[in-house]
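Engineer: Line order of the protein sequences matches chains V and A. Taking this note's numbering, I'd label the letters of the first sequence as residues 1 to 237. Taking this note's numbering, I'd label the letters of the second sequence as residues 1 to 674.
Hints are computed from structural coordinates only; laboratory data are not their basis. For glycine and all other residues, C-beta sits at the position ideal for the given N, C-alpha and C. Just to be clear, a hint being listed does not mean it is correct.
Reference listing, derived: stretches of chain V covered by chain A, where coverage requires no fewer than 3 residues with Cβ under 8 Å from a Cβ of chain A [stated by the list, open to error]:
| # | region |
| --- | --- |
| 1 | 63 to 70 |
| 2 | 98 to 109 |
Residues from chain A that keep clear of chain V, each with C-beta distances beyond 12 Å, as calculated [unchecked claim]:
| # | residue |
| --- | --- |
| 3 | Thr28 |
| 4 | Arg45 |
| 5 | Gly81 |
| 6 | Asn135 |
| 7 | Asn204 |
| 8 | Ile294 |
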Amino acid sequence: MTLTKRLASPVSLIASLIAAVFCTAAAANDDAVPANTLRVGMYFVKFSAAAGDLSGPFTPPGLNLRVAEVNTLYVAYLRRLTSHWTLELAAGNPPTTHTFGVGPARVGSVPFNGEEVATAKWFSPTVLLDYMFLDEHSRFRPYAGVGVNYTHFFHRNATAAGIAITGGPTTTYLSDSAGPAATLGVSYNFTKHCNAIASYNVAQISSEFDANTSGINRTTHVNFNPRLAVVAVGYSF
Amino acid sequence: MRIGISLGMAALGCLALASCDDGSSGATVNNSGGRGSLIQNPPARTVSLSAADFTAQLNQSATGKQLLGLATAGGTTLRCGVDVYYIQYATVGGAGESTTASGALMIPTGTAAGCSGPRPAVLYAHATETDHSFNMANLLTPVDSSIPLTAALFASNGFIVVAPNFAGFDSSTLPYHPYLNADQQSKDMLDAFAAARSALSAGNLQTTGTSFSGGVYITGYSAGGHAAMATQRALEHAPIAGVTLKAAVHSSGPYALAAMFDAVVSGSTSFGSSGFGPLVTANFHNSYKGNASIGDVYFETGTPNDIYEDAWANADTLFPGPVSVDTLVLAGTYPLALFDGTVPGTAAPVSTEIASGVAFDVSLLGFPAGAGPIYTGGLQSEWASISPVPTNPVYASGFATGTLAANGKPAHLWRDSYRASYLADAGLNPDGLVVSPTTGLPNGGLPATAPLHPARKAAKLNDLRGYIPAAPLRLCGGHSDPEVYFPVNTLDMMVLWSGVPGLVGTSSPALVSPALDVDPGLNLDGTSTTATSLAYAAAGAYVTYLQTPGLANVDPAAVAAAVVAKINAPSGPLSPANYTLSASAADAALQAGFLQTTGQAVATLVTPAAVTGIISQATGAAPPFTLAAVAPSTAAIAAGIGKATVTAVIEAYHPNLVAAFCHVSALEFFLANP
Numbered sequence: 001m002t003l004t005k006r007l008a009s010p011v012s013l014i015a016s017l018i019a020a021v022f023c024t025a026a027a028a029n030d031d032a033v034p035a036n037t038l039r040v041g042m043y044f045v046k047f048s049a050a051a052g053d054l055s056g057p058f059t060p061p062g063l064n065l066r067v068a069e070v071n072t073l074y075v076a077y078l079r080r081l082t083s084h085w086t087l088e089l090a091a092g093n094p095p096t097t098h099t100f101g102v103g104p105a106r107v108g109s110v111p112f113n114g115e116e117v118a119t120a121k122w123f124s125p126t127v128l129l130d131y132m133f134l135d136e137h138s139r140f141r142p143y144a145g146v147g148v149n150y151t152h153f154f155h156r157n158a159t160a161a162g163i164a165i166t167g168g169p170t171t172t173y174l175s176d177s178a179g180p181a182a183t184l185g186v187s188y189n190f191t192k193h194c195n196a197i198a199s200y201n202v203a204q205i206s207s208e209f210d211a212n213t214s215g216i217n218r219t220t221h222v223n224f225n226p227r228l229a230v231v232a233v234g235y236s237f
Numbered sequence: 001m002r003i004g005i006s007l008g009m010a011a012l013g014c015l016a017l018a019s020c021d022d023g024s025s026g027a028t029v030n031n032s033g034g035r036g037s038l039i040q041n042p043p044a045r046t047v048s049l050s051a052a053d054f055t056a057q058l059n060q061s062a063t064g065k066q067l068l069g070l071a072t073a074g075g076t077t078l079r080c081g082v083d084v085y086y087i088q089y090a091t092v093g094g095a096g097e098s099t100t101a102s103g104a105l106m107i108p109t110g111t112a113a114g115c116s117g118p119r120p121a122v123l124y125a126h127a128t129e130t131d132h133s134f135n136m137a138n139l140l141t142p143v144d145s146s147i148p149l150t151a152a153l154f155a156s157n158g159f160i161v162v163a164p165n166f167a168g169f170d171s172s173t174l175p176y177h178p179y180l181n182a183d184q185q186s187k188d189m190l191d192a193f194a195a196a197r198s199a200l201s202a203g204n205l206q207t208t209g210t211s212f213s214g215g216v217y218i219t220g221y222s223a224g225g226h227a228a229m230a231t232q233r234a235l236e237h238a239p240i241a242g243v244t245l246k247a248a249v250h251s252s253g254p255y256a257l258a259a260m261f262d263a264v265v266s267g268s269t270s271f272g273s274s275g276f277g278p279l280v281t282a283n284f285h286n287s288y289k290g291n292a293s294i295g296d297v298y299f300e301t302g303t304p305n306d307i308y309e310d311a312w313a314n315a316d317t318l319f320p321g322p323v324s325v326d327t328l329v330l331a332g333t334y335p336l337a338l339f340d341g342t343v344p345g346t347a348a349p350v351s352t353e354i355a356s357g358v359a360f361d362v363s364l365l366g367f368p369a370g371a372g373p374i375y376t377g378g379l380q381s382e383w384a385s386i387s388p389v390p391t392n393p394v395y396a397s398g399f400a401t402g403t404l405a406a407n408g409k410p411a412h413l414w415r416d417s418y419r420a421s422y423l424a425d426a427g428l429n430p431d432g433l434v435v436s437p438t439t440g441l442p443n444g445g446l447p448a449t450a451p452l453h454p455a456r457k458a459a460k461l462n463d464l465r466g467y468i469p470a471a472p473l474r475l476c477g478g479h480s481d482p483e484v485y486f487p488v489n490t491l492d493m494m495v496l497w498s499g500v501p502g503l504v505g506t507s508s509p510a511l512v513s514p515a516l517d518v519d520p521g522l523n524l525d526g527t528s529t530t531a532t533s534l535a536y537a538a539a540g541a542y543v544t545y546l547q548t549p550g551l552a553n554v555d556p557a558a559v560a561a562a563v564v565a566k567i568n569a570p571s572g573p574l575s576p577a578n579y580t581l582s583a584s585a586a587d588a589a590l591q592a593g594f595l596q597t598t599g600q601a602v603a604t605l606v607t608p609a610a611v612t613g614i615i616s617q618a619t620g621a622a623p624p625f626t627l628a629a630v631a632p633s634t635a636a637i638a639a640g641i642g643k644a645t646v647t648a649v650i651e652a653y654h655p656n657l658v659a660a661f662c663h664v665s666a667l668e669f670f671l672a673n674p
């Protein structure tokens, strides 16, 4: 995980502005430790997706899929439970993932390998229970958390290249996913109210994929195996 | 202090999940049930192959290279690419019941001349299949060489192809297949054609640039030849606006169905009868049990046990099924034999069922009391006289006694009593091909006037004799065919058509071309062959003209006379001699060299010497070959199993050799009738 030149992106600029506006001025009444935190930042997501070959009628063996990496806005709300335990509710601005064919160069005479065949948007919130190491006076606080991810796929579409493979207008389905998630990160407190984090996150996200082309169903089971890096700034209040 | 963060919240508003779940629009589904309606619109394309890619795919196997040669007249590259669509359509079953069926729509593609724009269509009727999952749309992983053959031969030569799987196969909701049901098969073919036309005109297929020109051709092989001729008849009786029937080629079909069945049941059992038989009785039972003028073929108790030995009461639900009949026979779990009988060459045939005193109630059939040969002189002696086990090894393979070693079931399917009931009616009401014992003449060559037995009534209903074509037509076959007899079917139709002035000839206005006999042995059967045929050029083979003096290349009257003379054989009313292939004709066919063994490329069969070597290698026999020498051994017949090496010649004749040549002859005939 690296902090990259993403800082140039508009979202990160806005985050920086928030930090600049709210974090440089000293707060007056800050005796109590703030219980709430709102964060904004970026998800950098890579997939090591593993799927069985597509199966179904008129489907030769060896047709598989991969999902390209994607970045999206990260937002989170955190609630301090104790000096060490925090509840985190995180979500991303639903990204559009792009799925590509992996397999033979052509099926019949239709290009397959490397062709973008489908897209989908993800609504994928995660709730985590984080343990904050060290104590609340430390500027650096590493943390580790476990929790649950729920993912729902929407705006699912086959591309023109995908339709050429399947042979006609195609409706795609991806079943909802619910699975464990974990995070490992470090938080840096600039001030009592302003902080930043960097974290590495994993989640078990899997789904049954079904492409229906005029009644011909081609299916596979996909384990998305996402690896999510996050950098974010937070405001605690 | 609360701060509202609005970034991304609009997207998170997709918590009303239903409103966000729009995938691409799919196909429209039409369950209206109207005959010929396309159920999935648009249908899905199952494969798209350019001419170069299809050529490359065929070049990957020996069979594929053979098909490539046949499709390109000996060339090396296909002209057009092919897009294959899987169509599902509403049609009817054999009793008029609403059902669905599926099939293939093949569309030529590519930039070569004649591969796009308005193109004519070929309606293709496939041959007998016993595997329920058979699917003409599966070109990428075909289970049968007829699928790539059809695509390479017709679609790659610029024809749109409509090839139904037929009701009862694949995704069809019909629980049986209306096998050899002329009316249903013609409706099935024309419903597939209607669905294909609506798919082509809807403008929403993946393939663009090709449309239906309005010209249509019809062809089929074996049972498909029967279906194709029935379809031509139906289309001529009820033409479709905007559709012009250009030409038809029907190959190796059982057109004279009633005569063919009479021959089989009388003892000239065709090779493969144990597969055909159950398909036939399943069709007859399901299609006509509610038909008052035909009646249920299970006429005694209404159960299949009327026809089949108890252990085989499920025989007519086996096919189409998960396992093909070939697989079952080779595994030894299903009989090759249809009938009970001793091994030929031994003592007089004995029917254990009849010897035990079993009789059937002829009043069920409406026979006059005491009528028919089966009731005089004692049942057993009559049985022996009307049902001799033939010595011809091909026919004899249809008879067996004892049980199958693998499962102890009888090595034959049919009860003797049912066979006796059939033969009794055949004697009472003989087919018009049979010489009458009173007049010494055949009864005009048409089906029996008034059969009483439900199976013979059903066969007559589906017999195509009497049909007079109204569009250019050619029949094709091989005269040594051991599965669908050439004289009974192809010759009989030619004889009947030769009696219509001006119908048969080589040029317009004659519509019926001389029948094509692709087996160039001594043609004792009065048909002619043509040396310029594309079929022969593609196969690198050669043909011979008629050898019989006085029978010049085409003389319809002489053809008719020669055939009638052959049919008028001096023998009893049900003698297999009326339908027997002469041993000398079979010998000549083998020696002239067209029979291939499994795995041999047809293109190599160009000289008699080459074929002699192939047959020797396959059978261990030395020329001159006789059918007896290469036929199954006595032990093999008794075991009910046809061993691949010994019977390869007989097995390959109908489905491989003649099929390849007759398919090519269809292409040639279609190109000659634009």
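Engineer: It remains to establish, for every hint, whether it holds in the given structure.
Structural biologist: Now the hints, each set against the structure:
For the region 63 to 70 of chain V, the proposed coverage by chain A is not satisfied: 0 residues have a C-beta within less than 8 Å of a C-beta in that chain, short of the threshold of three. Judged by the Cβ-Cβ criterion of 8 Å, the region 98 to 109 of chain V is covered by chain A as claimed, because 4 of its residues qualify and three suffice. Distance check for A:Thr28 against chain V: the nearest CB is about 9 Å away, which does not clear 12 Å, and the non-interface claim fails. Separation of A:Arg45 from chain V is inadequate, the least Cβ-Cβ distance of about 3 Å not exceeding the 12 Å criterion.
Residue placement check: A:Gly81 does not keep its beta carbon more than 12 Å from all beta carbons of chain V (closest about 7 Å). Against chain V, the non-interface label of A:Asn135 is violated: not every CB pair exceeds 12 Å, the least being about 8 Å. Some Cβ of chain V comes within 12 Å of the Cβ of A:Asn204; the nearest lies about 8 Å off, and the non-interface call is violated. Against the 12 Å criterion, A:Ile294 stays outside the reach of chain V, whose nearest CB is about 36 Å from its own CB.
Consistency note: the structure conflicts with the earlier hints numbered 1, 3, 4, 5, 6, 7.
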